[in-house]
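**Q** Residue numbers (my numbering), protein chains in the order written: chain A, 2 to 110; chain B, -6 to 107.
Worth flagging that the hints you see were computed from the coordinates, not collected in a lab.
A couple of the hints might just be wrong.
In silico EDC-like pairs for lysine to aspartate or glutamate, Cα to Cα no more than 20 Å straight-line [claimed, not checked]:
1. Lys51(A) x Glu95(B)
2. Lys97(A) x Glu45(B)
3. Lys102(A) x Glu15(A)
4. Lys97(A) x Glu68(B)
5. Lys60(A) x Glu45(B)
6. Lys38(A) x Glu68(B)
What follows is a set of in silico ranges between Cβ atoms, one per label pair, in the way DEER data are often shown [said to hold, decoys possible]:
7. Val20(A) x Ile5(B): 19 to 27 Å
8. Val44(A) x Ser44(B): 43 to 51 Å
9. Lys27(A) x Ser89(B): 15 to 23 Å
We put the CB at the ideal spot given by N, CA and C, even for glycine.
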Amino acid sequence: QQPVQSPQAVILREGEDAVINCSSSKALYSVHWYRQKHGEAPVFLMILLKGGEQKGHEKISASFNEKKQQSSLYLTASQLSYSGTYFCGTGGSNYKLTFGKGTLLTVNP
Amino acid sequence: KAGVTQTPRYLIKTRGQQVTLSCSPISGHRSVSWYQQTPGQGLQFLFEYFSETQRNKGNFPGRFSGRQFSNSRSEMNVSTLELGDSALYLCASSSSGQGLTEAFFGQGTRLTVV
């Protein structure tokens, strides 16, 4: 089943913070976060694995609550370059990533 | 290190025709997955291949098929095209498999069915 992302869209001013949530009805092995800019391929941001291991880069952080089957992506002091559509993907041991419908983030000057 | 290469970038086909899309993964990656992206639906999983074996398949009709070659390159085929097949088709490669490690996406093939 497709994870549910919220909000669907958010508009920020440069320097503001944002949180994007991802929840699943199924037990999660891993949560992946990607950002896609218009006309471009999705780019990997973060992977959170069951057991607490977190791998990622850039000045973006995330949390993974295994019990609640939820993950949140935290963007602090947003920059113009953060604009894009953020997708969370939930993974299991079945070699399949199931993505949410995305959250459109717009950062204005 | 070269990224994921998808060809062609754009395709226009007529209803009823068939189409083959190609994906060359990052060197050394043995897992290739395919996704269909349409406005408002996000990325819909089609299938995943690892070392020429399909390990998982999404909920798409049998008109959608794929294969992987010994060099890890993958092809996706759609037969008897329908208008609703118009979409951006993305492939992603990873070292171990989808859901386990980070995936790298290609630029996609934009398919338009008329």
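**Q** Could you check the structure against the hints above and give me the numbers of any it violates, in ascending order?
**A** 3, 5, 6, 7 and 8
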